[in-house]
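Work out the full structure, taking the sequences as your base and the hints as a guide.
Those protein sequence lines, which keep their order, are chains A and B.
Residue 13 in my numbering sits at position 13 of the first sequence, and the numbers go up by one each step.
Residue 346 in my numbering sits at position 346 of the second sequence, and the numbers go up by one each step.
Read the hints as simulated data drawn from the structure, not as lab findings.
Mixed in with the good hints there might be a few duds.
[What the hints assert, rightly or not] Quick look at which bits of chain A chain B covers, simulated, 3 or more residues with Cβ under 8 Å:
1) 11 to 17
2) 222 to 236
3) 251 to 259
The structure displayed is predicted, hence computed values, not measured ones.
Backbone N, C-alpha and C define an ideal beta-carbon position, used for all residues, glycine too.
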Amino acid sequence: MSNLQTKTREPFLRIVKRDGMKAWQSWGIRGIALLVALIICALFVYTITELNPLSVYGSMAKGAFGTTRRMWITFQDTAILLCVALGLAPAFKMKFWNIGAEGQILVGGIATAACMIYFGEILPPWLTILIMVLTSAGAGALWGLIPALFKTKWNTNETLFTLMMNYIAIQLTAFFVAKWENPIGSNSVGVINPDSKGGWLPEIGTNPRVSPYILPVTIVLALTVFMFFYLKNTKHGYEISIVGDSENTARYAGMNVKKIVLRTMLISGGICGLAGFINVSGACHTISEGVSGGRGFTAIIVAWLAKFNAFVMIFVSLLLVFLEKGASQIASDYGLNNEASEIMKGIILFFVLGSEFFINYRLIFRKK
Amino acid sequence: MEQSSAIRLENVTKTFGSVVANKDICLDIKRGEILSLLGENGSGKTTLMNMLSGIYFPDSGKIYAYGQEVSIRSPKDAFDLHIGMIHQHFKLVDIFTAAENVILGNSNDKKENLRTATARIREICDKYGFDVDPNQKVYNMSVSQKQTLEIVKVLYHGAEVLILDEPTAVLTLQETEKLFKVLRNMKEAGKAIVIITHKLNEVLDISDRVSILRHGEYIGTVNTKDATDLSLTEMMVGKKVSLDIARPVVEKKKPLLEIRDLTIRNDEGNVAIDNVNFYIRGGEILGVAGIAGCGQKELCEAIAGLRKIENGKMIHQGEDISAMSPKQITEKGISMSFIPEDRLGMGLAPSLSITDNMLLKTYSEGKSPFVDRKRGRNEAEKIIEDLDVVTPSTETPVRRLSGGNVQKVLLGREIKSGPNVIITAYPVRGLDINSSYLIYDILNQQKQNDVGILFIGEDLDVMLSLCDKIMVLCHGKVMGIVNAENTSKEELGLMMTGAINLMEARTTDEKKPGIAKDSNIKEGNHE
Chain A
1 MSNLQTKTRE PFLRIVKRDG MKAWQSWGIR GIALLVALII CALFVYTITE
51 LNPLSVYGSM AKGAFGTTRR MWITFQDTAI LLCVALGLAP AFKMKFWNIG
101 AEGQILVGGI ATAACMIYFG EILPPWLTIL IMVLTSAGAG ALWGLIPALF
151 KTKWNTNETL FTLMMNYIAI QLTAFFVAKW ENPIGSNSVG VINPDSKGGW
201 LPEIGTNPRV SPYILPVTIV LALTVFMFFY LKNTKHGYEI SIVGDSENTA
251 RYAGMNVKKI VLRTMLISGG ICGLAGFINV SGACHTISEG VSGGRGFTAI
301 IVAWLAKFNA FVMIFVSLLL VFLEKGASQI ASDYGLNNEA SEIMKGIILF
351 FVLGSEFFIN YRLIFRKK
Chain B
1 MEQSSAIRLE NVTKTFGSVV ANKDICLDIK RGEILSLLGE NGSGKTTLMN
51 MLSGIYFPDS GKIYAYGQEV SIRSPKDAFD LHIGMIHQHF KLVDIFTAAE
101 NVILGNSNDK KENLRTATAR IREICDKYGF DVDPNQKVYN MSVSQKQTLE
151 IVKVLYHGAE VLILDEPTAV LTLQETEKLF KVLRNMKEAG KAIVIITHKL
201 NEVLDISDRV SILRHGEYIG TVNTKDATDL SLTEMMVGKK VSLDIARPVV
251 EKKKPLLEIR DLTIRNDEGN VAIDNVNFYI RGGEILGVAG IAGCGQKELC
301 EAIAGLRKIE NGKMIHQGED ISAMSPKQIT EKGISMSFIP EDRLGMGLAP
351 SLSITDNMLL KTYSEGKSPF VDRKRGRNEA EKIIEDLDVV TPSTETPVRR
401 LSGGNVQKVL LGREIKSGPN VIITAYPVRG LDINSSYLIY DILNQQKQND
451 VGILFIGEDL DVMLSLCDKI MVLCHGKVMG IVNAENTSKE ELGLMMTGAI
501 NLMEARTTDE KKPGIAKDSN IKEGNHE
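Below, the structure written as structure tokens:
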């Protein structure tokens, strides 16, 4: 035994799983993570710009909530992100890795834009809106259904499939942007029906700084309540959790797993399609790749961080949108470029997401 | 024989969260000796050995290797200390050959190539009597060949201490004997061998000493020659236990479930159940014995409507159920609780609460779109009370419960639905002795309520005392259906390996075995 190892020291660091952490403890850890993130961001800002970090944070808050209008835009963006997350939640809860929300939003948006362009100035507004809701949800649902069909029929990998569907949707968007280009040569569609506002979501109330945003926010809040109870209390929701937990058990209980997968992906894609509708008809009134703008991926973070609890998702998406708005505000206020604000966003997300590790595991350092 | 200590453990403790897996364990593993590590499931045997092989690191305590204090921080450290572990689940790359698997990850010696490795593998095989073809791909190997390869692999890497985690669980009687012969050869060659098992007869057969763990604590070590199965059980469980299982006499009823000429294919498309005939009467327990993977799983799944049958009939009280959906079959009163290796794979949703699991088969009743959680909670409370389920609350996820409690939840739910046929596979797998006996009691009670029970079991002793009749399967074929009172373990063992086939011997009889005289199937209805 000549090559026997003689070191007797225990490893410097060990990772041990822990279970059954109390809710207040885990929220405490998340809170501490946010605090640490803010401190690091402050250090970062101070070292590169020598600005007072507190005023930088103040400027972030101003960017997101500074005026009534900004506040409502923040709420509206939160609502759109939340809507996508609500769509993803049932799929992910079923362990169906729907990475294709981007595409589902875009096709929903294309359908909406098409309705606005072709029916917006002909049909009565209520009918246009109704058709838009149906076609956008239908288009998103179709985009979600195709991977689900292949999955149930030939057991294809839904992660790759939904991801690839995104690229098809992006190319489709490019095609329709070219087709509906206005004015010619601008390579964009421009605001659709700027004068008649045909197919625009109606404004509620008379305050122009608030009224355009009320309907999108309300629709999504209603969807949030629906999704919360759908997942928690309905038979469908029960089936989704069983399939997600153990497909064998679901089959054993006599559930039709294929039907459940297809149905859930219809709902998931449909809601993502609706997010496209809300954005196109209620917010940007045009169609471009920016309609999804990465929300399909950000929403995955929202859904998972909130553990598929629809109400918790409200706060998670608000945090993410706040970071976004605040970051661009400090970029313009202090002449920082966009990358600096992206770095801050990254730092905060890193800590918030990373704190989940400390909720599930604990570290043991070598004792002296 | 030289008996120097190879590995010594001193007060080794390991906890997982709030669970103490090992507490102050002291163990001495000597060269030229086979040590059995005995304990019920969850007593911490595997955890302990994982610490020796560098997978876990102990929270406290000392480990000595060959007289020197060491710390094993990774499998690499264990490897350098010549400790080799053969895990329950093989760690082999399927698409590689035996030789490729053996040299895999061996970066120390660059000179080594496949040819020299092959030669050395042959050498090791000759020395200890293994039967391994170095050029055979792993995916072409049988379970026992894979296990042999795992042993060759650790020997190739110079293991002096071999740890085998439940090696016999997947082997036939003959394969086990072959393994034991090889183990004895290795013992003669001065290796230290630890074998983890909970089969008492094997412990008594192979080992020199037995160390016993109970609930993570070290109970003691005895010389095998001074031990009996009763004394070992007592140490394992902590109190005197009667190993008798009751077999209440119940008046025979008409056949409830009749299986005729049943043929089923497995997932790979091979015949898993081959032209099988049997029937279950109300008020009897029919045991199914067979080596693991002899079609038991497929049979269960077919009866429960989860697997298409190739040929044959499944008649329940005169009605053909072969084309019915799992739901319709459940409604007929046939309940299946199948416990695969991971225990939670089918029948329960592990991350869901006990309440939610209660509702699994009844959630869809009624027109309301909502799930009736109140009902589930009531049922959960009732089962917790009736069967003494240890759980913090009805809302605790099932995977947090211990094995015995999981089993009680599962069986409790099945029985609550008032079935007339219960199909239960390995219902006591992984349970401690007390929980096992509680399960036997539950099954006997059901039998006395005229329920017909198909009991797919592992432990022949248990089956001989619990079942009324035992059907033996070998590679999907029925080798015989015998009265438990008129047979012996040896006979069953021989039938399991196909050495005795009572069906062939009996073809001239007037009565075909597996076909009831008072069948519900009308004559001329079959064939």
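Worksheet item: Hint by hint, which ones does this structure get wrong, listed from lowest number up?
Response: none
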